[in-house]
Amino acid sequence: MNRWFILPLVLFLAFVGLAGYMLTKPKDEFVESRMIGKPLPEFALPAAAVDRPGLATRDFRDGKPRLLNIWASWCIPCAAEAPQLEMLRRQGADVVSVAIRDRPEDVAGFLAQYGNPYSRIGADNLSVVQLGIGSSGVPETFVIDGQGIIRYQHIGDIRPSDVPTLLEKLQEAAK
Amino acid sequence: MRLLRVLIVAMACVIAVAGVQAQESMPPAPYAYRQLDDPEQEAKAQALMETLRCLKCQSQSIADSDASMAGDMRSDVRMRIAAGEDPEAIRAWLMERYGDYVSYKPEVSETTWPLFALPVLLLAFAGLVLWRRMGRGPAAREGKGES
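So the sequences go chain by chain: V and Y.
Using my numbering, read the first sequence as starting at 5 and increasing by one per residue.
Using my numbering, read the second sequence as starting at -15 and increasing by one per residue.
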């Protein structure tokens, strides 16, 4: 018998302690994109609405930073963030978007009901842009700089309290 | 009051169902529920899909999930395999976007190396203890007895 005998017990208690501590912490269910700082993937999507053009990677390379909103008419939090997107547009943000797995009549219905803050809407029926950009759900909003580099990702619906952050990130991307 | 509550619940149900129906009314991606014609390619795709995580549903592979995004991912995987892409290259492409989270295949990385190193260390430790007890056992015990 010596004092090394106690080592396994100490290790075991440390493990139980760690497991207990981790159980008290809320679970982080966000899957963050690893594409921040990297260029947008190449894509060219047809228009999802009659009165707005579609969206392609080259639309981002004109030196002007933009918000890229990923949404769908069947997504309930997307309706909840509509007023915040409108607020961002009024404060000078150019908001372009990708509608995921959506039919033209559903897109039109959604825009008629909740307003249309978008200058462009691409139809992404196979989640090509969503997978390419590392987004794991709707809604998500990315800040893209004037060279087409992804600068910031906002996961989930935009709350009124998120508006200043997004405007700030847009300004940072303009530098 | 009660009627109002019933009404609110009923409306919430209608909205939820309408949302789901709208999502389901889109036809699925071409290869979401269709196997590749070449059985060898399909086997490759299936093996890969079983080790890729559905990003929307907790702890399901894209092969097991009926979420529309998992369907799009299956279609993407199958089309890339059919185009001759290597399964590990597809996994790497996804991990470049979603990190380790998207893959169920164990990888040795900066954060996971202790998981692989610990069993080796423990085995070595157990071996050392056994060696001292059995190999040099009697001598060690005699030595202890003397001191």
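The set of hints was computed from the structure by calculation and includes no laboratory data.
Note that the structure is predicted; figures quoted are calculated from it, not measured.
There's no promise every hint is true.
No farther apart than 30 Å at their CA atoms in a straight line, the calculated lysine-lysine pairs in the BS3-like style are these [to be verified]:
1) V:LYS179 x Y:LYS40
2) Y:LYS89 x Y:LYS28
3) Y:LYS28 x V:LYS29
4) Y:LYS89 x V:LYS173
5) Y:LYS28 x V:LYS31
6) V:LYS173 x Y:LYS40
7) V:LYS42 x V:LYS179
8) Y:LYS40 x V:LYS31
9) V:LYS68 x V:LYS179
10) V:LYS68 x V:LYS31
11) V:LYS173 x V:LYS68
12) Y:LYS28 x V:LYS173
Now the hints, each set against the structure:
no.: 1; hint: V:LYS179 x Y:LYS40; result: 35 Å, violated
no.: 2; hint: Y:LYS89 x Y:LYS28; result: 15 Å, holds
no.: 3; hint: Y:LYS28 x V:LYS29; result: 39 Å, violated
no.: 4; hint: Y:LYS89 x V:LYS173; result: 35 Å, violated
no.: 5; hint: Y:LYS28 x V:LYS31; result: 34 Å, violated
no.: 6; hint: V:LYS173 x Y:LYS40; result: 27 Å, holds
no.: 7; hint: V:LYS42 x V:LYS179; result: 17 Å, holds
no.: 8; hint: Y:LYS40 x V:LYS31; result: 15 Å, holds
no.: 9; hint: V:LYS68 x V:LYS179; result: 10 Å, holds
no.: 10; hint: V:LYS68 x V:LYS31; result: 37 Å, violated
no.: 11; hint: V:LYS173 x V:LYS68; result: 13 Å, holds
no.: 12; hint: Y:LYS28 x V:LYS173; result: 42 Å, violated
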